[in-house]
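S.K.: Could you use the hints to bring the two separately framed chains together as a complex?
Note that the protein sequences, when read in sequence, are chains Z and S. Note that my numbering has the first sequence beginning at 1, numbered continuously upward. Note that my numbering has the second sequence beginning at 1, numbered continuously upward.
In short, the hints are calculated from the structure, not lab data. Keep in mind the model is a prediction, meaning the values are calculated, not measured. Any given hint could be a false lead.
[As the list claims (entries may be wrong)] To list a few chain Z residues with every Cβ distance to chain S over 12 Å, as calculated: (1) Leu-20; (2) Ala-89; (3) Ile-140; (4) Pro-316; (5) Pro-382; (6) Pro-394; (7) Pro-439.
[To be verified] Partial chain Z-side listing against chain S, Cβ under 10 Å, derived: (8) Pro-30; (9) Pro-35; (10) Ala-43; (11) Leu-51; (12) Ala-277; (13) Ser-280.
Cβ atoms here follow ideal geometry from the backbone N, Cα and C, with glycine treated the same way.
Here are the chains, one letter per residue:
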Amino acid sequence: MSFAAPWVLVGLLAAAVPILLHLVHRREPPEQAFPAVQYLEDATREHRRRLRLREWLLLALRTALVVLVVAAAAGPLARRAVPLGRHAASALVLVVDNSASSAAIRDGEPLLDALRRTAGEVLRRATPADRLWLVLADGIPRPGTAAELQSRLDALESTPVRLDLADAIRQGHELIRGSGRAGEVVVVSDAQRSAVNPVSGEAAVVVLRPAGDAPLNRALGALDPGPQPWGAEGGRVRIVVAANDTQAVPVSLQLEGRPARDLLAVPGLASVERLAAPPSGWRVLRATLPPDELRLDDAGATALRVAPPARVSWSPGDTFLDVAFGVLVDAGRVTRGSDVRIGELGPAASIVVPPGDPALISAANRGLAARGVAWRFGTRQPGPATTDSGALLPERIRVAQRVSLEAIGAGADTLATAAGEPWIVRSGDVVLVGSRFDPAWTELPVRAAFVPLLDALVTRAVRGEPALPVAAVGDPLTLPARVTAVAHEAQVVPAEGGAPWRPGAPGVHWLLEGADTVGAVTATIDARESALPRATDAELREAWPGAVVASLDGGADRTFALGGRGDLRPLLLVLALGCLVGESLLAGRRGKAG
Amino acid sequence: MPPAQTRRPAPAANRPDLLSPTEVARLGGLEVTTAGIVDGFLAGQHRSPRRGFSVEFAEHRQYQPGDEPRYVDWKLLARTDRLYVKQFEEETNLRAMLVLDASASMGWRGSDERLAKLDYATRLAAALALVLLRQRDATGLVTFDASVRAITPPRVRSGHWRQLAATLAALQPADRTAAEPALRQVVAALRRRGMVVFLSDLLLDRELTLKALKFLRHRGHDVLVLHIADPAELELGRGDETRFRDPETGRAVTLAPSDWADAYRDTVQGVVRAWGTACRASGMHYALVTTDLPFGEALGRVLAAR
Numbered sequence: 001m002s003f004a005a006p007w008v009l010v011g012l013l014a015a016a017v018p019i020l021l022h023l024v025h026r027r028e029p030p031e032q033a034f035p036a037v038q039y040l041e042d043a044t045r046e047h048r049r050r051l052r053l054r055e056w057l058l059l060a061l062r063t064a065l066v067v068l069v070v071a072a073a074a075g076p077l078a079r080r081a082v083p084l085g086r087h088a089a090s091a092l093v094l095v096v097d098n099s100a101s102s103a104a105i106r107d108g109e110p111l112l113d114a115l116r117r118t119a120g121e122v123l124r125r126a127t128p129a130d131r132l133w134l135v136l137a138d139g140i141p142r143p144g145t146a147a148e149l150q151s152r153l154d155a156l157e158s159t160p161v162r163l164d165l166a167d168a169i170r171q172g173h174e175l176i177r178g179s180g181r182a183g184e185v186v187v188v189s190d191a192q193r194s195a196v197n198p199v200s201g202e203a204a205v206v207v208l209r210p211a212g213d214a215p216l217n218r219a220l221g222a223l224d225p226g227p228q229p230w231g232a233e234g235g236r237v238r239i240v241v242a243a244n245d246t247q248a249v250p251v252s253l254q255l256e257g258r259p260a261r262d263l264l265a266v267p268g269l270a271s272v273e274r275l276a277a278p279p280s281g282w283r284v285l286r287a288t289l290p291p292d293e294l295r296l297d298d299a300g301a302t303a304l305r306v307a308p309p310a311r312v313s314w315s316p317g318d319t320f321l322d323v324a325f326g327v328l329v330d331a332g333r334v335t336r337g338s339d340v341r342i343g344e345l346g347p348a349a350s351i352v353v354p355p356g357d358p359a360l361i362s363a364a365n366r367g368l369a370a371r372g373v374a375w376r377f378g379t380r381q382p383g384p385a386t387t388d389s390g391a392l393l394p395e396r397i398r399v400a401q402r403v404s405l406e407a408i409g410a411g412a413d414t415l416a417t418a419a420g421e422p423w424i425v426r427s428g429d430v431v432l433v434g435s436r437f438d439p440a441w442t443e444l445p446v447r448a449a450f451v452p453l454l455d456a457l458v459t460r461a462v463r464g465e466p467a468l469p470v471a472a473v474g475d476p477l478t479l480p481a482r483v484t485a486v487a488h489e490a491q492v493v494p495a496e497g498g499a500p501w502r503p504g505a506p507g508v509h510w511l512l513e514g515a516d517t518v519g520a521v522t523a524t525i526d527a528r529e530s531a532l533p534r535a536t537d538a539e540l541r542e543a544w545p546g547a548v549v550a551s552l553d554g555g556a557d558r559t560f561a562l563g564g565r566g567d568l569r570p571l572l573l574v575l576a577l578g579c580l581v582g583e584s585l586l587a588g589r590r591g592k593a594g
Numbered sequence: 001m002p003p004a005q006t007r008r009p010a011p012a013a014n015r016p017d018l019l020s021p022t023e024v025a026r027l028g029g030l031e032v033t034t035a036g037i038v039d040g041f042l043a044g045q046h047r048s049p050r051r052g053f054s055v056e057f058a059e060h061r062q063y064q065p066g067d068e069p070r071y072v073d074w075k076l077l078a079r080t081d082r083l084y085v086k087q088f089e090e091e092t093n094l095r096a097m098l099v100l101d102a103s104a105s106m107g108w109r110g111s112d113e114r115l116a117k118l119d120y121a122t123r124l125a126a127a128l129a130l131v132l133l134r135q136r137d138a139t140g141l142v143t144f145d146a147s148v149r150a151i152t153p154p155r156v157r158s159g160h161w162r163q164l165a166a167t168l169a170a171l172q173p174a175d176r177t178a179a180e181p182a183l184r185q186v187v188a189a190l191r192r193r194g195m196v197v198f199l200s201d202l203l204l205d206r207e208l209t210l211k212a213l214k215f216l217r218h219r220g221h222d223v224l225v226l227h228i229a230d231p232a233e234l235e236l237g238r239g240d241e242t243r244f245r246d247p248e249t250g251r252a253v254t255l256a257p258s259d260w261a262d263a264y265r266d267t268v269q270g271v272v273r274a275w276g277t278a279c280r281a282s283g284m285h286y287a288l289v290t291t292d293l294p295f296g297e298a299l300g301r302v303l304a305a306r
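Here chain S stands alone, though its shape is the one from the complex (with noise of 0.2 Å):
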């Protein structure tokens, strides 16, 4: 049996969910900054999230803030006088599956102070992941480009998340971007009523995706769509004539950031709405999430969304 720990909450200005995200990716690598992260996250919560828990005993559970006292083994509390919590085997009825969009276009970043959106979403993802792996949730992982690139089963067992961390650790951007395939992946991949949290920056063809999406969304899955985003992909900012490559697709627009300002912004929120309303629509959560945002807020919205 592990030994009880009560651990203090970290004062809100050392927590890692809640600095900035660059400043997280210089505590350390992915697997590190990450259980930083969720520990720092789990331990604001004044609830824990955790739920589904059933009658079939699986395994004890060091006791976290926010576990009902009533799945507390007393009777271990007595022996070893440590705090434990009891998980039933219902509770990995969840199966979780993270589709990651690792194209060209998520390797980008505005400014140098901030994330790519890659690293940003890895860490976004390995942070998810970790939370739901301790929820004793199936976790798999799928990322993509212009086709699948790999994809990890869910699972539940210790270990798997480093797994998955090592996974997105290694995760480079490259080539196009076809979401389409890598979710068929996930239809195969979920065959009971499971989560669906789509990483991307919705750089893609937007009707196919959403067709894809809706059809999880149709096979009884919870979809949450996280649309990464740089800021400086939602404001142009100002400045002279420049050519804007596209560093996927090579097209190129050129033009004064000054004199299109208002309109990129009217666009860039007119496909916010859209991706918003198509999926409300469709029963699904959307959440936009820039790269500025520490990750213990990303993480709520997340979370606020299931």
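Pulled out of the complex, with its shape left as it was, chain Z reads as follows (with noise of 0.2 Å):
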């Protein structure tokens, strides 16, 4: 048992006061001459002793009295609901799912009304004294009095985002012991088996989940049209469907500006088709599945660059150059051309090797400078080293020989990295590259990689590398340097680049580098909101031990009283209420006794 106002104990000092009272009223009696001691001695032999009796009753009920009432006034706090009584003031973190699933048809409406129902029933059991928080997918507390969040609840949506009811339960615990009350954490949800991850140690957790089976549900898992850009020659497009069953969906699949095309794609299996190139740009290619409970994932849009192959041009009589771009060449992926420049500087997009001779360093530095590149040569740097694995260059790569780069303004990114130091970095359209393409400084240009690189580094690195990131709605991603606004659903929204940034609705988001478009976001809904099926009662109970599950229905009932402890004071002043009446009847018998 703990105390609201534990400092009103002090006042348990007053049940002295009928102690002493009746000491001092016993002490020193006035004193009167009566003749009839002798019948007196008499009529209190055979009574004394119950009337001492009840003496000491009076003395203890007024005590006791007193103590109740102050103990009463200091708020006494049980660690369980107690009779007589609503809780204690507590603190509640209300945790409302209103994750994707939650917009799951659930006997002919959306589960989240029933899950708005809950919580408000829940909000309506609190007092004016209790804390309360009310959480949301965004993961986001919410303090307020439970009008002010029920008139959220009102307006509250089914949100794309994911909740992670593990973290939910943990801030709610936080904020509870922020709180210095008891309380607990009521979770209302529809228990995703996907969400439901353990806590450690004992939780006040109230679960109020749906009963019954979740509904069967088809989404679309994912849409992946490969590597870009692609060129003239078309590309080929995965799709994945994810499903708890087996049976073929059908899909219809369409490229924006062009007729929609059926396929049938079977759960779990990824099908891959061809598409023709539609004109150079960026494109969005979207994939629909028939609709079923869950309307939010069965959908999806991704982004799509169409370019023309680069027009690259190099320095004749370098072998290694010469074979890689043959081969891109005959793969369509460049053309000899003038609008990127491999070796040294040149008056557009350019990737550029420290020259041969260290005297011309400095030269070549003057030249990156005039074009207001933010990265510079530096001096040789001493003894081998190995190329760091990234996602330009997977594999390790030896140097014998390197030049080191340094940053010498804003906008530089470091696109590969040997022995932890720059080693491939842009700045705009200029990329730079710490050692030449030549063995005696690096094994690159004969490995396998270097083909890939070159390609990457040509149609990506320096012609605006497209960036086209999937990340789930409403997790982190950072954003490319040299992005100055995001753009959704024809919203253009600033954007600082290098800056962390969570997409907010499923889709394309176009990342603008001032009016040019320089790569894009594909948000996609979780892939674990699209698994329905619900943890059993005993899956919960693990996860979270000591939690009380109940269902949705009428579970309202079994919210504080579990965290939120039992409140005495209707107790007492009650029991107190019942030593006065005791008191009074015992006093009022005093005449009559004996």
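M.R.: In structure tokens form, the structure reads like this:
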């Protein structure tokens, strides 16, 4: 048991008042001559014991009355709910799982409506003395009164963001601990098995979940247009349907500006469809499944970059570049031209290697500085090194000679490192490489990774590499440094390149650098949200030891009883009233006693 | 011969025997007020309580209402035109002894509006003595506390009442109570059958006192026990805790009257019942007389018991 206002217990000293009064009263009674003392002795001899017992009982009742009133004023709280009463002033974190799965239809209505109703019932049980927070799928705890939180509930909609219930519970416990009160976390959720992760220790959690099985759901698991940009030859699209059955699902695939194409996809197996290239530029590729109980994951979209082959020029006679670009030309990835200069700094996009003569480095740096490049060549680095694994260069490549690359301004990207130091960097449409494409400098020209690296540098890095990350809605990702804004559904929002950013809605988010589109983020609903099967009560209790699991219907009655401790005040006041009545009866019988 | 007097009874409102004892005490000293009480009391009787007239003439006495006409001395009436009755020597066969408790407890009163028990008892004893003497009953007095204070042997001669009244008026309450020695003195004083009137608050050793009283009864005496009590001794009343101290013994009891009122009343009633039962069982008379009872009413009880 604890007390809301323990300092009030000082008032228990008042319990000594009846005792002191009793003693003082007994000590100095007035004296009166009375000849019939003999009768008094006779009268009291028989009844004195009973009366003394009653005196002590009266004293005990009065003392108990004071103790009970003082104790009630101190706000005693029991560990559990107690009879006669409302719950004690406590803290309650109400987690309403309005994640994507809450949009599933249940009994002819969105599951969210049932969650909202139950959450409302929980809030109606709150008292003004309670501290309340509402945590939604976005994970942000919102403090407020029951009325304020109810108004939020009324406006609540399903969101494509995924909610990790374990994280929400941990966060709730932190809030409760910070409040200094006893309390509990009430989770109102469809209790997807995929959202139930263990929480260490005993958890004061009440889980209110729908009864019955989850509906069948089929979702677009993956929509992947492969390496980009697409060239004139088009590309292949990989489609994966996720479902808890294996029945083939018709999928409608539509590339922007082209008629839709239908195909059958077997859940769990990848289906590949070859599409012809549309006109160059940024396109949107969409896939749609037949509607089911959860509509949010029945459609998906991804960004597609279609570009003509880069026109490249390099120093004739460079054997390794000749061979590599020959392969790329044959594959249609590049053509000869002047869009990209390889080897030294050109008037347009360039991939620059350090000059073979160290004396020319200064001149090269002056040229880079004149172009506003944020990098410059430094000094020769002693000793061999090895590249570090990265997205651009997965293999580790030995480097015999290299020149250090020094950043001298903003907007500098590091694309690959060797020995932890920048080895391939980019600034605008200029890429600097720390070693010459010469086996005496690095083994890269003779490695299989050389051709893909050149392809990537030529088609993506220096021409405005299309950053095409795929992320779940709500997940953080770092925007490319040159991004200045993000556009989605014709709405452009300024953004800071290099800073974390979270897509707020599913679909394609265009990354802009000024007026130019430099990439796109394909935001999808977290695949785990599509897995609707629910955790069993046993699984919930195993994951959250001590949790109370109840149905959405009527489960609100279980709240404010687990972590929120019982308010003992009504009970104590009733007992005090009983003492008062007993005292009055006994005191009233004093004249009749004996 | 004293002149014949035919006095009309005073109105009831003015009769001292019917006034409250306190008011009677305000009227004057014991001697004066007692005569008024007795006169009023006798005037209120339809029949004279006198009896025991015998054939041996002793003296004349002024006629009083209630006297039997056959004792009227018609010759004297014819000569003097006044009414006298003849009294005979045998009338003095009754010898009465008043035994009065003058212990410290008798000096207590529960309220300033009432007489102390001793004051009340002395007046009642004086009135009783006067009635008896007027009936030509030899009347004596024994006062006692822890021991016998004074003994006035029974006499019937004129002036004896004044002696008794003076003795009573001079009484002051003191000391503890022991009735048995006084009652032994009564045995010695009453050699023939007579009447013993025992006036006390009975705050004494009941067994010992009853034993002595029964002995008197055994000797053939009529015994009348007058239990003199202040109303405050019968009902404890209300109030906070108080230390009650016995003025005789110094013993004290501390209690809250409110708590003990019922028990105390039961105890007192039990004591009264016990005295009444014990007295009746031995052929004695017992009467409870509270100090707020008009003297006339108290006298009526005494004489009715006779």
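S.K.: Hint by hint, say whether it matches the structure.
M.R.: Checked hints:
Annotated as non-interface, Z:Leu-20 keeps its C-beta farther than 12 Å from every C-beta of chain S; the closest such distance is 15 Å. With a minimum CB-CB distance of about 44 Å to chain S, Z:Ala-89 clears the 12 Å threshold, and the non-interface call stands. At roughly 68 Å from the closest C-beta of chain S, the C-beta of Z:Ile-140 stays outside 12 Å, upholding its exclusion from the interface. No beta-carbon of chain S comes within 12 Å of the beta-carbon of Z:Pro-316; the shortest separation is about 127 Å.
Consistency note on Z:Pro-382: stated as away from chain S, and its beta-carbon is indeed over 12 Å from all of that chain's, at 108 Å minimum. The beta carbon of Z:Pro-394 is kept farther than 12 Å from every beta carbon of chain S, the shortest such distance being approximately 101 Å. The claim that Z:Pro-439 lies off the interface holds: its Cβ sits roughly 118 Å from the closest Cβ of chain S, which is beyond the 12 Å cut-off. With a least beta-carbon distance of about 6 Å to chain S, the hint placing Z:Pro-30 at the interface is held under the 10 Å criterion.
At its closest, the beta carbon of Z:Pro-35 sits 3 Å from a beta carbon of chain S; the interface hint therefore holds under the 10 Å criterion. Taking 10 Å as the C-beta cut-off, the interface hint given for Z:Ala-43 holds, the closest approach to chain S being about 4 Å. Residue-level restraint check for Z:Leu-51 holds (minimum Cβ-Cβ distance to chain S is 6 Å; threshold 10 Å). Checking Z:Ala-277 against chain S: minimum C-beta separation of about 110 Å lies over 10 Å; hint violated.
For Z:Ser-280, the interface hint is violated, the least distance from its beta-carbon to any beta-carbon of chain S being 110 Å, above 10 Å.
In this structure, the earlier hints numbered 12 and 13 are contradicted, and the remaining ones agree with it.
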